[in-house]
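Undergrad: Spelled out, the chains give:
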Amino acid sequence: MVKLRELASTIRSKNAGVDHLTFDVIFRDPSAFARVRDSGALAPERICALYRIPRERLTHHCVFEPAQAIKFTIRRLVPSGSPGETDVFGAQQYAPLFDVEVP
Amino acid sequence: MKPFTIACPTGHLAFTPLEKASFLEGCRLGPDAIVADAGSCDIGPRPLGADRHVSLEAHQRHDLEIMLLEARRLGVPMIVGSASDTGTDRGVDQFVRLVREIAAEHRLAPFELAAIYSEQKVEDLLGRLERGARIAGLDGRPDGDAATLRRTDRVVAVMNAEPIRRALREGAQVVIAGRASDCALFAAPLLEAGFSPAIAYYTGKLMECASFACEPFMGKETILGTVEGESVVVRAMHPEQRCTPASLASHAMYERTDPFREHVAGGWIDMSGCRYEQVDGKATRASGAVFHATPRLSVKLEGAGRVGERRLAIVGVRDPQTIARIDQAIAWARGKVAERFGPEGRGWRLFYHLYGRNAVMKELDPDPPSAPHELGVVVEAVHEDGRTAEEIAALAARNLFYARLPGTKGTAGAAALMSDEILVGEPGYEWTLNHVIEVEDIMELVRIRHLVVDGRGGEGR
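Chains as they are written, first to last, in my numbering: chain A, 66 to 168; chain B, 523 to 983.
With the rest of the complex left out, here is chain B:
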C-alpha cells in the first residue's frame, strides 16, 4: 500500500484565521487530502442551543478559501467537519454557501461536493424514546428521558468516519460535514485508501489540533501526517516548530479524561501501547494503536437548551470591613430578591462572581484570600423573562450598596457601583445532552446531499 499524506492547517477552522505560509509549504509536498475540523464543545452550549456561529464569517471564508484553492489545484479531497462551530444543519449550509461563493469568485472548474447533515430533531428522538430506545448518559450523567429532551433546543449526532467514507466513494471531492468526531475526518480517507481502523483513527487523534501537536507552542500552523502501514509520521511545517515524541504524546492526552482511550461510534482506540520515536529534526513516528470494534453502534448526542435570559451588573468593594463580611452582604441582597420573587430556584437564579477572591475557581479554590485589597463583583441574574432578570440583577447589585452590616463606618454606601446600568447578557444555555443512542446503522441519523459546484457559471445540481 502506498503511503498516504494528510495536511491539517488548523485545529478549529476560523476560530482565528489559519496561517497561510506553513499551509502552502505543506501543500507543496503534495498531500493526498486536506482535512480540518471546524467545531468544538469547548465554546459552551450557547452556540449549539442558539444555533449561531462564534467564528467570524470573514475568518471562515479566509480559511475555506485557502484550503479549497489548494485542494482543487492538487486535485485531492478536502474534508471539513463540525461545520461553523456547531455542526448543525445551519453550519453545513453556511459552509456550502461559502464554498460556492469562493468557487465562483475564482472561477473554479466544476467539482463534486457532499454536504453531510447530522442534526437531529427533538421530536424524532422523543419518538425513538417512546419506541424503547435508551439515551444513555455519558460521564456519570443519568439516562436522558422525555423531560431531558424537552429542555433541549438543538441536538447533533456525532458521526464516525462511515458517512464521510460513503460521500468520498460516491465521488465527493469536497466534504462539508456536520458534527463529527474530530479523528473521523482524518480516518475516512485513510480507511478508503485501505488502512486499518487502528492507524486511521489514531492518526486523526494525533493530527486533529494541527500544530498543537508540535513544539514550541503555536496554533494555526500546518502539520503533515504520512501514514505507512501501521505507523504515522507527523511533521511540523512551520520553520520554527518541530514534532517530538514528547510533544506528540502530550498532545495525545490533551482534552481527554483518559489518555489511553478514544471513543468513536462503533469502537475505541486503545493507545496504551503506543510508541513515539524521533524521525528527524521536525518529525516523529507514532505506532502501536489498537482498535476495538464494539458490538453495538452507540452514537454520541450533544444537545443544548435555553435556561433563561441573563442580566449582569458590576460592583466594586474597597471598604475592608465590607470585604471581610462580603458573604453577609450578599446574603442580605439575596434576601431582598427573595422577598420579591420567592426562594431562589423557583424561576430565578443568581450568581455573585467575586473577582479578587475566588471567581475563577469557585469551590475548587483551596485558598481564597479573606482580605483582598478590593473585590470586583459581577452579578449574574437568570430568569425566563428579561425584564424580571433585569430587576433581579438590579436588586442583587444595589442591595450590596445598601447592605446592613452592624457597626459599619461607611454609612453612605457599602459598595461602589461601576455605573448604575444593568447589562444585557446573551441568553443562558446548558448542555442537556451528553449521551449516546444505539442505532443499527449510522445512516439512520445522517443525511448526505451531493451537489456539483461550478465556479464557471453552470447551474449546480
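Chain A with its partners taken away, still in its complex shape:
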C-alpha cells in the first residue's frame, strides 16, 4: 500500500459553479496514473465513504485520460458564499485525499 499523495502530482478542489465542489487528482507519471485508476482506490463508492456522503451527492466521476486525471464532483449542501460559509472558493476540501491508501 502507498498513499495517494506519493503518487499524484496535483490534488486540488475548487468550486464548479455555485452549487458544486469539484476535485482533480492529476498524475505526471503514467504508471502511477494507471495504478490508481485500476486499483479502484478512487472509485465512486470509496469517495462517498471517505467524505461520508450519500451516493447522490457525488454528481460526477470520471477518468480524464488527456490530463492523466481522476475527477469527481460533490454537490454542496448550500450554495457557495451563503451565511455559514468557511471555504467560499471550495479550495481546501481535498486534504482527506492525501492519505487514501492505494494497493
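Keep in mind that the hints are not guaranteed to be accurate.
To be verified - Restricting the straight-line Cα-Cα distance to at most 20 angstroms, the calculated cross-link-like pairs of lysine to aspartate or glutamate (EDC-like) are:
{"no.": "1", "chain 1": "B", "residue 1": "K884", "chain 2": "A", "residue 2": "D164"}
{"no.": "2", "chain 1": "A", "residue 1": "K79", "chain 2": "A", "residue 2": "D152"}
{"no.": "3", "chain 1": "A", "residue 1": "K79", "chain 2": "B", "residue 2": "D661"}
{"no.": "4", "chain 1": "A", "residue 1": "K79", "chain 2": "B", "residue 2": "D564"}
{"no.": "5", "chain 1": "A", "residue 1": "K68", "chain 2": "B", "residue 2": "D887"}
{"no.": "6", "chain 1": "A", "residue 1": "K79", "chain 2": "B", "residue 2": "E737"}
{"no.": "7", "chain 1": "B", "residue 1": "K884", "chain 2": "A", "residue 2": "E121"}
{"no.": "8", "chain 1": "A", "residue 1": "K79", "chain 2": "B", "residue 2": "E885"}
{"no.": "9", "chain 1": "A", "residue 1": "K79", "chain 2": "B", "residue 2": "D887"}
{"no.": "10", "chain 1": "A", "residue 1": "K79", "chain 2": "B", "residue 2": "D780"}
{"no.": "11", "chain 1": "A", "residue 1": "K68", "chain 2": "B", "residue 2": "E737"}
{"no.": "12", "chain 1": "B", "residue 1": "K884", "chain 2": "A", "residue 2": "D152"}
Unchecked claim - Label-pair distances were calculated between CB atoms; the ranges are:
{"no.": "13", "chain 1": "A", "residue 1": "R93", "chain 2": "B", "residue 2": "S794", "range": "18 to 26 angstroms"}
{"no.": "14", "chain 1": "B", "residue 1": "V812", "chain 2": "A", "residue 2": "T75", "range": "22 to 30 angstroms"}
{"no.": "15", "chain 1": "B", "residue 1": "R862", "chain 2": "A", "residue 2": "E71", "range": "49 to 57 angstroms"}
{"no.": "16", "chain 1": "B", "residue 1": "G597", "chain 2": "A", "residue 2": "E130", "range": "49 to 57 angstroms"}
{"no.": "17", "chain 1": "A", "residue 1": "D164", "chain 2": "B", "residue 2": "K524", "range": "32 to 40 angstroms"}
{"no.": "18", "chain 1": "B", "residue 1": "P761", "chain 2": "A", "residue 2": "D164", "range": "46 to 54 angstroms"}
{"no.": "19", "chain 1": "A", "residue 1": "R93", "chain 2": "B", "residue 2": "Q843", "range": "45 to 53 angstroms"}
{"no.": "20", "chain 1": "B", "residue 1": "E896", "chain 2": "A", "residue 2": "C127", "range": "38 to 46 angstroms"}
{"no.": "21", "chain 1": "B", "residue 1": "A893", "chain 2": "A", "residue 2": "E110", "range": "29 to 37 angstroms"}
{"no.": "22", "chain 1": "B", "residue 1": "T933", "chain 2": "A", "residue 2": "P168", "range": "52 to 60 angstroms"}
{"no.": "23", "chain 1": "A", "residue 1": "E110", "chain 2": "B", "residue 2": "P738", "range": "29 to 37 angstroms"}
{"no.": "24", "chain 1": "B", "residue 1": "E948", "chain 2": "A", "residue 2": "E130", "range": "40 to 48 angstroms"}
{"no.": "25", "chain 1": "A", "residue 1": "D164", "chain 2": "B", "residue 2": "M940", "range": "27 to 35 angstroms"}
Just so you know, the hints here were simulated from the structure itself, not pulled from any lab data.
Ideal Cβ placement from N, Cα and C applies to all residues, glycine included.
With chain A's structure known, arrange chain B on it following the hints.
TA: Quick look at chain B alone, frame taken from chain A:
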C-alpha cells in the same frame, strides 16, 4: 483562412494586477485581438447581490490601461467581459468610465467603444414567468418561481458570443461586456474571422484563465493562442513558463463538473475527443473539439439576494474538558438564544465555526479531532435587523463562557473571549438563481450602446 492570434493577459482582470512584461512580449508578436474576462462566481454572491466590485479600482485601471494602450497601438480589438467582477450595468459603466479616463490621460485618437449590458430587472423576469416562461434550475436546483425571484436583488444573464460579434461588426474597437461566458469573449472575434464554433469556443475554454493553462503554476502572465483551421496552439509568454499537453489538458477540466462538456447559450462543446501535442518547448497544439448547437436558446441567469445582517464574535477554548464537550456547550448557548428569539430558522440563523476541529470542511471532514489542543470558535449570527443580529452573536458567544457543563473544574469561565466586542460583518447574501431561461433571440436580454471615445478632447457620442 489566415491564422488568428489572441493575447490573454489575465484570468480575472484586476483581482490582482496583471504582469506587464509577458503581456508586452505577447503584444510584440502582433496578436489580432486582446481578450480578458473580469468576473467570476467564485467570489460568492455578495458582490452581485450588493452590486459592488471586489477588485480594487486602482488595479482595474492598471490592467485596463496596459491592455488599452497596446490594443490601440496595434489597432486590434480589445474585449473585456463580466466587467468589474459582477458584469452588472454598474460594472460596465465603471469600466467605460475608466477607459475614457485612460484615453484622455494618454490623449488617444478617437475609437469606437461598445458597452454591452446583460443585467436583468427582477420585474421583467417576473413578467416572463407570468407569461409562461420556465426558469429552469441548473445543477439539481428546482425551477425558479415568483418566490425565488422576490428573494433576488440582482440578476445578470450570461451572454454567448453573439452580442459581442454584433458589436464588433458594428465597428467597435473596444468592447466592454456585462456578464458573459468566459469562452464567448474569445469566440466572438474568431467567429467573426470565419472560424467554426467548435474551435472558437474551445479556444476560449483553453485560454480564459491565461497562464493557469501553463506550468509551472503562475497567475497573471500572458498566453497567446493562435488558431489555424480546426486547431489552436497555446503559447506561454513568461520566460519561465511552458504550455504542455498535461498543463493544457488539466486546465481544460479546471472548475468544471464535467471535463468533456462546456455549455454556452445555444450549444455545448464536446471535448471528449480532444488531442494535445507538444509543438515546441513553450507551446502545445489542441484540436478535436466538436460543437453541438441546441435547438433552443437557453440563457443562464445568475442571481443573488440579501439574507440578512451578519455579526461575528471570536471565542477561544483551552480547557480540555470544555473542548471534549463543546457540542454540549454550544447547545446550551443556542438554547439561551432560542429562549429570547424562538426556534432557529424563524428569523435568525447561527453558525459556530470550530477552527481546530472542522471549520473548513464541516460535514465533509472525515476525521475531525475530538481533543484538539485548543479551539477557535467564530460565531456568526444572521438576522434581518443588525441590532438583533448583534444581540444573537453576543448571547451565542458569551454563553459559551457561561456554559453549564456538569463537573467542570474551571468555574470562572468556560471559554476565553478574545475581546468582548461584536464584529460587524458584511450583510449575508445567497445565490438565488443558477438557472436558465429560454429566449428566441439573445438580444431580448442584452442591450448594446455604441460610443466614440476621443482622448483628444472631442465630445464622445
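Undergrad: It remains to establish, for every hint, whether it holds in the given structure.
TA: Here's how the hints hold up against the structure:
| no. | hint | result |
| --- | --- | --- |
| 1 | K884/B - D164/A | holds, 19 angstroms |
| 2 | K79/A - D152/A | holds, 10 angstroms |
| 3 | K79/A - D661/B | holds, 16 angstroms |
| 4 | K79/A - D564/B | holds, 9 angstroms |
| 5 | K68/A - D887/B | holds, 18 angstroms |
| 6 | K79/A - E737/B | holds, 19 angstroms |
| 7 | K884/B - E121/A | holds, 19 angstroms |
| 8 | K79/A - E885/B | holds, 17 angstroms |
| 9 | K79/A - D887/B | holds, 16 angstroms |
| 10 | K79/A - D780/B | holds, 13 angstroms |
| 11 | K68/A - E737/B | violated, 25 angstroms |
| 12 | K884/B - D152/A | holds, 10 angstroms |
| 13 | R93/A - S794/B: 18 to 26 angstroms | holds, 22 angstroms |
| 14 | V812/B - T75/A: 22 to 30 angstroms | holds, 27 angstroms |
| 15 | R862/B - E71/A: 49 to 57 angstroms | holds, 53 angstroms |
| 16 | G597/B - E130/A: 49 to 57 angstroms | violated, 42 angstroms |
| 17 | D164/A - K524/B: 32 to 40 angstroms | violated, 53 angstroms |
| 18 | P761/B - D164/A: 46 to 54 angstroms | violated, 37 angstroms |
| 19 | R93/A - Q843/B: 45 to 53 angstroms | holds, 48 angstroms |
| 20 | E896/B - C127/A: 38 to 46 angstroms | holds, 41 angstroms |
| 21 | A893/B - E110/A: 29 to 37 angstroms | holds, 31 angstroms |
| 22 | T933/B - P168/A: 52 to 60 angstroms | holds, 53 angstroms |
| 23 | E110/A - P738/B: 29 to 37 angstroms | holds, 35 angstroms |
| 24 | E948/B - E130/A: 40 to 48 angstroms | holds, 43 angstroms |
| 25 | D164/A - M940/B: 27 to 35 angstroms | holds, 33 angstroms |
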